[in-house]
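Listed here are the chains, written in short residue letters.
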Amino acid sequence: MIGTTEAGQKENLSGGKPFNVEEVRQDFPLLERQVNGQRLVYLDSGASSQKPRSVIDRVSHYYCREHANIHRGVHHLSQHATEAYEGVRETARRFLNAGHGHEILFTKGTTESINLVASSFGRKFLNPGDEVLVSMMEHHSNIVPWQMICQERQARLRVVPINRAGELDMDALESLLNERTRLVSVAHVSNALGTINPARDITALAHERQIPVLLDGAQAVPHMHVDVQDLDVDFYAFSAHKMFGPTGVGVLYGKEELLDAMPPYQGGGEMIERVTFDRTTFSTLPYKFEAGTPSIADGMGFGAAMAYYDQFDEQEVIAHEQDLLTYATDQLCELDGLKIIGTAAHKAGVISFVFEDVHPFDVGTILDQLGIAVRTGHHCAQPLMDFYGIPGTVRASFAMYNNRSDVDALVAGVRKAARLLR
Amino acid sequence: MIGTTEAGQKENLSGGKPFNVEEVRQDFPLLERQVNGQRLVYLDSGASSQKPRSVIDRVSHYYCREHANIHRGVHHLSQHATEAYEGVRETARRFLNAGHGHEILFTKGTTESINLVASSFGRKFLNPGDEVLVSMMEHHSNIVPWQMICQERQARLRVVPINRAGELDMDALESLLNERTRLVSVAHVSNALGTINPARDITALAHERQIPVLLDGAQAVPHMHVDVQDLDVDFYAFSAHKMFGPTGVGVLYGKEELLDAMPPYQGGGEMIERVTFDRTTFSTLPYKFEAGTPSIADGMGFGAAMAYYDQFDEQEVIAHEQDLLTYATDQLCELDGLKIIGTAAHKAGVISFVFEDVHPFDVGTILDQLGIAVRTGHHCAQPLMDFYGIPGTVRASFAMYNNRSDVDALVAGVRKAARLLR
Amino acid sequence: MTLPIDAIQDGIIADFGIFDQWMEKYEYIIDLGKNMQPLDERYKREENLVPGCQSRVWLHAELVDRKVIFTADSDAIITKGIIALLLQTVSGQPPEAIGEAELYFIDRIGLREHLSPNRSNGLVNMIRKIKSVASGFSAAG
Amino acid sequence: MTLPIDAIQDGIIADFGIFDQWMEKYEYIIDLGKNMQPLDERYKREENLVPGCQSRVWLHAELVDRKVIFTADSDAIITKGIIALLLQTVSGQPPEAIGEAELYFIDRIGLREHLSPNRSNGLVNMIRKIKSVASGFSAAG
Ligand SMILES: Cc1ncc(COP(=O)(O)O)c(C=O)c1O
Ligand SMILES: Cc1ncc(COP(=O)(O)O)c(C=O)c1O
Numbered sequence: 001m002i003g004t005t006e007a008g009q010k011e012n013l014s015g016g017k018p019f020n021v022e023e024v025r026q027d028f029p030l031l032e033r034q035v036n037g038q039r040l041v042y043l044d045s046g047a048s049s050q051k052p053r054s055v056i057d058r059v060s061h062y063y064c065r066e067h068a069n070i071h072r073g074v075h076h077l078s079q080h081a082t083e084a085y086e087g088v089r090e091t092a093r094r095f096l097n098a099g100h101g102h103e104i105l106f107t108k109g110t111t112e113s114i115n116l117v118a119s120s121f122g123r124k125f126l127n128p129g130d131e132v133l134v135s136m137m138e139h140h141s142n143i144v145p146w147q148m149i150c151q152e153r154q155a156r157l158r159v160v161p162i163n164r165a166g167e168l169d170m171d172a173l174e175s176l177l178n179e180r181t182r183l184v185s186v187a188h189v190s191n192a193l194g195t196i197n198p199a200r201d202i203t204a205l206a207h208e209r210q211i212p213v214l215l216d217g218a219q220a221v222p223h224m225h226v227d228v229q230d231l232d233v234d235f236y237a238f239s240a241h242k243m244f245g246p247t248g249v250g251v252l253y254g255k256e257e258l259l260d261a262m263p264p265y266q267g268g269g270e271m272i273e274r275v276t277f278d279r280t281t282f283s284t285l286p287y288k289f290e291a292g293t294p295s296i297a298d299g300m301g302f303g304a305a306m307a308y309y310d311q312f313d314e315q316e317v318i319a320h321e322q323d324l325l326t327y328a329t330d331q332l333c334e335l336d337g338l339k340i341i342g343t344a345a346h347k348a349g350v351i352s353f354v355f356e357d358v359h360p361f362d363v364g365t366i367l368d369q370l371g372i373a374v375r376t377g378h379h380c381a382q383p384l385m386d387f388y389g390i391p392g393t394v395r396a397s398f399a400m401y402n403n404r405s406d407v408d409a410l411v412a413g414v415r416k417a418a419r420l421l422r
Numbered sequence: 001m002i003g004t005t006e007a008g009q010k011e012n013l014s015g016g017k018p019f020n021v022e023e024v025r026q027d028f029p030l031l032e033r034q035v036n037g038q039r040l041v042y043l044d045s046g047a048s049s050q051k052p053r054s055v056i057d058r059v060s061h062y063y064c065r066e067h068a069n070i071h072r073g074v075h076h077l078s079q080h081a082t083e084a085y086e087g088v089r090e091t092a093r094r095f096l097n098a099g100h101g102h103e104i105l106f107t108k109g110t111t112e113s114i115n116l117v118a119s120s121f122g123r124k125f126l127n128p129g130d131e132v133l134v135s136m137m138e139h140h141s142n143i144v145p146w147q148m149i150c151q152e153r154q155a156r157l158r159v160v161p162i163n164r165a166g167e168l169d170m171d172a173l174e175s176l177l178n179e180r181t182r183l184v185s186v187a188h189v190s191n192a193l194g195t196i197n198p199a200r201d202i203t204a205l206a207h208e209r210q211i212p213v214l215l216d217g218a219q220a221v222p223h224m225h226v227d228v229q230d231l232d233v234d235f236y237a238f239s240a241h242k243m244f245g246p247t248g249v250g251v252l253y254g255k256e257e258l259l260d261a262m263p264p265y266q267g268g269g270e271m272i273e274r275v276t277f278d279r280t281t282f283s284t285l286p287y288k289f290e291a292g293t294p295s296i297a298d299g300m301g302f303g304a305a306m307a308y309y310d311q312f313d314e315q316e317v318i319a320h321e322q323d324l325l326t327y328a329t330d331q332l333c334e335l336d337g338l339k340i341i342g343t344a345a346h347k348a349g350v351i352s353f354v355f356e357d358v359h360p361f362d363v364g365t366i367l368d369q370l371g372i373a374v375r376t377g378h379h380c381a382q383p384l385m386d387f388y389g390i391p392g393t394v395r396a397s398f399a400m401y402n403n404r405s406d407v408d409a410l411v412a413g414v415r416k417a418a419r420l421l422r
Numbered sequence: 001m002t003l004p005i006d007a008i009q010d011g012i013i014a015d016f017g018i019f020d021q022w023m024e025k026y027e028y029i030i031d032l033g034k035n036m037q038p039l040d041e042r043y044k045r046e047e048n049l050v051p052g053c054q055s056r057v058w059l060h061a062e063l064v065d066r067k068v069i070f071t072a073d074s075d076a077i078i079t080k081g082i083i084a085l086l087l088q089t090v091s092g093q094p095p096e097a098i099g100e101a102e103l104y105f106i107d108r109i110g111l112r113e114h115l116s117p118n119r120s121n122g123l124v125n126m127i128r129k130i131k132s133v134a135s136g137f138s139a140a141g
Numbered sequence: 001m002t003l004p005i006d007a008i009q010d011g012i013i014a015d016f017g018i019f020d021q022w023m024e025k026y027e028y029i030i031d032l033g034k035n036m037q038p039l040d041e042r043y044k045r046e047e048n049l050v051p052g053c054q055s056r057v058w059l060h061a062e063l064v065d066r067k068v069i070f071t072a073d074s075d076a077i078i079t080k081g082i083i084a085l086l087l088q089t090v091s092g093q094p095p096e097a098i099g100e101a102e103l104y105f106i107d108r109i110g111l112r113e114h115l116s117p118n119r120s121n122g123l124v125n126m127i128r129k130i131k132s133v134a135s136g137f138s139a140a141g
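Residue numbers (my numbering), protein chains in the order written: chain A, 1 to 422; chain B, 1 to 422; chain C, 1 to 141; chain D, 1 to 141.
Bound-form chain A, shown alone:
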């Protein structure tokens, strides 16, 4: 069908279904699991969230009833699969309130989204002496691609400092912006600290100087409403698997005029208009950036994940998660020798902590024996760990399906681990 994929303003997506965590938990089959003979307490959603049954079923149903390769087949299955897949693009457009469907590119995930921009934007717009700005709290996926392209283009990667609470130094950010700055690329929410960065202030400062901004939204999208037009961000990257969707698919949102100006990233079967050995011309957006058969089934599941998320009243979900965060922080703080890493005023989803004289790995191992899944280590943010002078942290990360008993189990587990290990 000829869908209208244009939209001026954000449509109200929040379905307004009252949020009830115990009902939500019923939707996630994996949460019924036992681990090491204990009830699973899953506090590693920052690494990857669990999936509701509707997502799992969507993927199966696709394979059982609908599968065909998309975009070039004239037969019914292919046409139907193409419509459904392009429908997911439209869902993602609404989800982010992007202006056009063709500003939504499907990628493998956040990492590929950022690599695409680094490689394609970088080869076009970065020249010797130019600068790219990231921050001290970035995930490696928002550092290494920039190091690689800066080295290739003889450009310079500059780093916005943070304070001990784990907040961006906005004055320093402003003073680092200069006429050589070609792009600012920072996390919307930090995966290691939980800090919510002031995205709109960042785009405002950068845009005063005509500098585009990329936000790494991997940890933001599962926890808050993201409106790319309201943020006025130029690129926005995230992964489906962290927001209740399948592994293997993610999004790069990019403003049309930037994407149009950028050369293609990968070459192949979907992204061409005409190929001869003399001269090849490329497709229009979004196809120019989508070479090869995409993760079709993962895309279908991703559509179901956005629908799942959108059925709830968003404010209630946020309130629930903030409650968990406060409830957990208050209790953990009281434990002797425990120190929270990341105490920003605005946080989402994540509590990181260290223990005096105890290695995070040991805490994680004991918690695992208790059925509590947390992440330990550097969380792919080694420069940040170096900043704090620690080898790593224990990180508990939350999703909407966590409840207060998960927090109680965590606190009891950490207490037990401390007793054993010290």
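To be clear, the hints were calculated from the coordinates, so they are not data collected in a lab. Treat the numbers as computed from the prediction; the structure is a model and nothing was measured. Built from N, CA and C at the ideal position, the CB exists for glycine as well. Take the hints with a grain of salt, since some may be wrong.
In silico DSSO-like cross-links for lysine-lysine, where the CA-CA straight-line distance does not exceed 30 Å [stated by the list, open to error]:
no.: 1; chain 1: D; residue 1: K25; chain 2: A; residue 2: K416
no.: 2; chain 1: C; residue 1: K25; chain 2: C; residue 2: K44
no.: 3; chain 1: D; residue 1: K67; chain 2: A; residue 2: K339
no.: 4; chain 1: D; residue 1: K67; chain 2: D; residue 2: K131
no.: 5; chain 1: A; residue 1: K124; chain 2: B; residue 2: K124
Sample of chain A residues lacking proximity to chain B, with all beta carbon distances greater than 10 Å (derived) [claimed, not checked]:
no.: 6; residue: E90
no.: 7; residue: I211
no.: 8; residue: D330
no.: 9; residue: D336
no.: 10; residue: D408
On the provided structure of chain A, position chains B, C and D with the ligands as indicated by the hints.
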């Protein structure tokens, strides 16, 4: 576990289960479908194959019971998922008889595998004036990446001609190899013609001159036994979705010494050893080339797909498919005005044809009304279509689950289409 | 005098109502394609090509007496037949009417699959091109 | 006289047999870690670091009387305890015996998860390093 991932010789994988096409069809839920009120006759497996229930169930089960992000978590779910995922790498190693597990890189599919080599090998080994050799029958995914890197590195893309039957001109290939040739990249099996290229002869000719060879195995792996050590090929690329596995995952096999010499492709969360803003060091193989969270669930399904394939006596599968090919070819040839495109002596999986005065698109539309799914168009091989001077072909492609009634339906359908259209 | 676009569409829908088998419908479309006046060779130019079609489709437009006269061709006969239907509806109409028209008949006569975003099919681009040509004329006129 | 590696492994397995709760087992491992002789600071060198561990692990080896004497350390106490068990088994053994040994006890005492290919865990690399040091010594000697 410390697995031994080394292997000197090909292990016998063929499970030796007697092949019975009617039983096999029961394993594929989608084949039960009706399309446009007719029994579905699925002859588009070259674009993407259907999936057996074991693959679909493996993916669901993974999400319901096992999902966690892999490689860095100390908790049980993460450890278990990591073991299972690395187990699939070992399955793929055995499937291809690669020498080492770390020579198997997981990618999004054939297109990404080839782009990885073009970008990484290309930036390291291609210099101005150097040459890369492809053939006239390549899929765009094995043309465009080379055009892009050759343009960037001021290298030259040269093209091995073919004869009218659709066979590589091996004398021309040999005479095109010279001291500037840095890589030969050709299809193992052509997706538009079905031609099986003489892979071993190609690697022998190239290796005499120390030139590495990449084989695009997208259309080979679903139809024949591939032993990368026996072929002595340097890179081998394929997609899971064409061989009964999920979309979103594929393989790049590469010889250790080449992969070791190549720089990383994408940067991010999995592929580093140590990140500082001054200097970043990269992981060892295979992780150096696997940035970001992979398609974990697709990987699990891919493992199940290889297991599905391997349970049969391979010779019986090949014999069945060859029978279908001959049976279909013989009947189609008799139709007035029909011309087979691609009449190589060795063919697999594919029959392409054109009709005098009838556009392939029209034939495809009528066949679709009859429930018969074929592909029409240029099959992402425009230079090949230009060679034959045609806008495209009608392509029927087979998988092991097709039977003689599928062929009968095709022949009857084509006859009907011809009557309507001429 | 030309009928309004919607009246023509409704007429086509009524015509197709008599087919109860897809075969008859396609036979009719194929006949329309075969009987369509061929496009003058000199209009088969690059800029008249509709992009993204699996078959080649040319569309030529002229403004005569404030009406847009479309002529078109395709190397695929079914595409050509559907184009014939499209031109029945829009050719000879004022540019403004074309710009505003919603071409619902394609869906209603059961050719919805030809409107799929599947790029192998150029009908969507064909309609876009018709609309943009029309709006070019109304802006100019 | 040192016992053969397998006899030591069987001894460890027997020792662990008395624990019927994971807590007791881990308490014991943690105690082993705490009581392990600290590694001389000068051996905490870059080249003694075992790669790929989430905790840092240093392994130092010397050949004395045709026996390999291992000393080690880690900043994680559970890792250190497991290393203590490993060194009980292999330290003081002839290089050839270490090269040939299959270290089955880790799995048998229920620490299999520490052998996972999950790279957060360096035990696999630790064992590799022990083996490669030993084979270096046997090649040299
Ligand atoms: C802030 C942030 N950026 C990027 C990534 C990388 O995401 P992916 O591994 O899905 O590509 C993550 C995931 O850990 C993250 O938390
Ligand atoms: C020969 C050949 N190469 C490459 C590809 C591209 O594979 P994918 O789209 O899975 O990346 C295909 C698939 O159509 C193919 O047939």
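These are the hints, each one checked on the structure:
{"no.": "1", "hint": "D:K25 <-> A:K416", "verdict": "holds (15 Å)"}
{"no.": "2", "hint": "C:K25 <-> C:K44", "verdict": "holds (28 Å)"}
{"no.": "3", "hint": "D:K67 <-> A:K339", "verdict": "violated (45 Å)"}
{"no.": "4", "hint": "D:K67 <-> D:K131", "verdict": "holds (13 Å)"}
{"no.": "5", "hint": "A:K124 <-> B:K124", "verdict": "holds (20 Å)"}
{"no.": "6", "hint": "E90", "verdict": "holds (20 Å)"}
{"no.": "7", "hint": "I211", "verdict": "holds (20 Å)"}
{"no.": "8", "hint": "D330", "verdict": "holds (24 Å)"}
{"no.": "9", "hint": "D336", "verdict": "holds (23 Å)"}
{"no.": "10", "hint": "D408", "verdict": "holds (18 Å)"}
Taken one by one, the earlier hints fail for this structure only at number 3.
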